[in-house]
Amino acid sequence: PVATPGVEIGNRHVPVGSVFQNGPTRGTDVFIPMDWIIGGQKQIGSGWRMLMQSLAAGRAISLPALGAAGGKMSAMLTGAYARIRQQFGMPIGYFEGVEEPLARIGGRTYRMDAARKLTLVALDQGEKPGVLSAILKYQLTEGNRQVINDAMDIHGGKGIITGPNNYLARAYQALPISITVEGANILTRSLIIFGQGAIRAHPWLLKEMRAAAGQGGGTARRDFDNAIFSHVGYTISNAVRAFMLGVSGGLATTPPVRGPTARYFRRMTRMSAAFALVADAVLLTLGGKFKFREKLSGRLADVLIHLYMGSAVLKRFEDDGRPSEDLPLVKWAMEDSLHTMQQSLLGVMKNFPVPLIGGLLRFIVFPLGLPWSGPSDRTGKKIARLLLSETESRERLIEGVFVSDADDATGRVNTAFNLAVDSAAAEQAIRNALKENVTIDNYPELVRRAVESGVITEEQATLVRQAQEAAGRVIAVDDFPRSEIEGSP
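Everything in the sequence shown is counted per our numbering, starting at 250 for the first residue and increasing by one.
Note that these hints are calculated values from the structure, not bench results. Just so you know, not all the hints are guaranteed correct.
What the hints assert, rightly or not - Capping the alpha-carbon separation at 35 Å, the derived lysine-lysine pairs in DSBU-like fashion look like this:
#, residue 1, residue 2
1, 599, 407
2, 684, 407
3, 456, 630
4, 564, 630
5, 538, 291
6, 540, 630
As the list claims (entries may be wrong) - Now the in silico label distances, taken between C-beta atoms and shown as ranges:
#, residue 1, residue 2, range
7, 694, 344, 38 to 48 Å
8, 599, 482, 36 to 46 Å
9, 682, 369, 50 to 60 Å
10, 648, 625, 33 to 43 Å
11, 346, 461, 52 to 62 Å
12, 267, 366, 26 to 36 Å
13, 608, 641, 43 to 53 Å
14, 497, 411, 47 to 57 Å
15, 567, 259, 45 to 55 Å
16, 369, 608, 19 to 29 Å
Where is the CB? At the ideal position from N, CA and C, for every residue including glycine.
Construct the complete structure from the given sequences, taking the supplied hints into account.
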């Protein structure tokens, strides 16, 4: 308790200028009675284990929620801004250079939210998934960093001029906090995810370790023999399975569903077999030295991460009722995950401690070459169009986002987006008739001429005026008097 004699609190840190409650706790000659220890004296020395168990639950809730919220907010506001902001007479979201980051925002947000929801199911059932919580914390905070970076790129100058009209800069500035707290991402990836997951999820490795340590009394030797022979059989089985799935392109397995996602179930099964084989080969080759090979551990963690993320994507699509309009999001997320797993496995094989074994693994896992190259441009274009329009798919993607008052910075974006969509037909009619693009600068004159010539109705003219005025308010950035920036003398 902070009221304990000798404990000193009160000072605050300032993490990258954010309002994040954090500060030092100091103590001098602090006496802690034994009955203050959680669980009493018998739990002395168990603090780290208790901390990790608590972290396994909490780490899967708050920071992943922040990451998913960052993705949803970026998808909503960036898609809207890319529709509102025009260049050369067309919304910037229609430019292929902008479509690419828009697609990444949409695809990553869909995948992040799918994994968040799936993990919450486990927590709701009373589980404390230590490895899954580490995966979720790492992947969703990294994903949040990626989508906000893409959002900043699309917003351009709008994103970097801070002030009341800027709704991105503070989130961008605070990104390193979530990356660092509750297990720094660089260590979570290279040490925790595969290091813990390899032992906890392996069907025989933990049994071998317990038997080797003598746990089991007089049956320890027999238990070890049974486990080691079963392990060898498991490895051989995985090698045969991985090769057959590689040769057949995954067709040697039967997916649980039919339709457009069946291929991804097959490919995930193939990658699961490949991961099991390569992970076993690494552990058997390196033994206890594996904990010092953090680059290999990080690459294997990437595979484990995307096996889980990909599974979450497929489950979400099924849970949502298989809406066909969401398929571009599913395809992007799955193709990106498959390509990441492929390249990570390739990195393990190229840097395998025994090059001959690495080459053999590559032949077994990828006998016909590398099959995946990532999401296609066509898929990316479809996702960008989803974010630039009022669609059911977009609404599902940004579900749960709080829409501010119309006078707030984010509320103005949402209002301007709705007006831009509603006025699009009238603006196109003006463009076709008068051979000029409607812009913030020329809309009063063009709208007047269009009404006089009967191209649009007065009602449509009002809508165009409102849309252009709203766009102007959104695009505008803040400026301040020099005295306000420098401060009073």
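Status of each hint after checking the structure:
no. : hint                    : in the structure
1   : 599 <-> 407             : violated (44 Å)
2   : 684 <-> 407             : holds (29 Å)
3   : 456 <-> 630             : violated (50 Å)
4   : 564 <-> 630             : holds (24 Å)
5   : 538 <-> 291             : holds (33 Å)
6   : 540 <-> 630             : violated (42 Å)
7   : 694 <-> 344: 38 to 48 Å : violated (27 Å)
8   : 599 <-> 482: 36 to 46 Å : violated (28 Å)
9   : 682 <-> 369: 50 to 60 Å : holds (53 Å)
10  : 648 <-> 625: 33 to 43 Å : violated (26 Å)
11  : 346 <-> 461: 52 to 62 Å : holds (57 Å)
12  : 267 <-> 366: 26 to 36 Å : holds (27 Å)
13  : 608 <-> 641: 43 to 53 Å : holds (49 Å)
14  : 497 <-> 411: 47 to 57 Å : holds (55 Å)
15  : 567 <-> 259: 45 to 55 Å : holds (52 Å)
16  : 369 <-> 608: 19 to 29 Å : violated (42 Å)
Checked against the numbered hints above, the structure breaks hints 1, 3, 6, 7, 8, 10, 16 and satisfies the rest.
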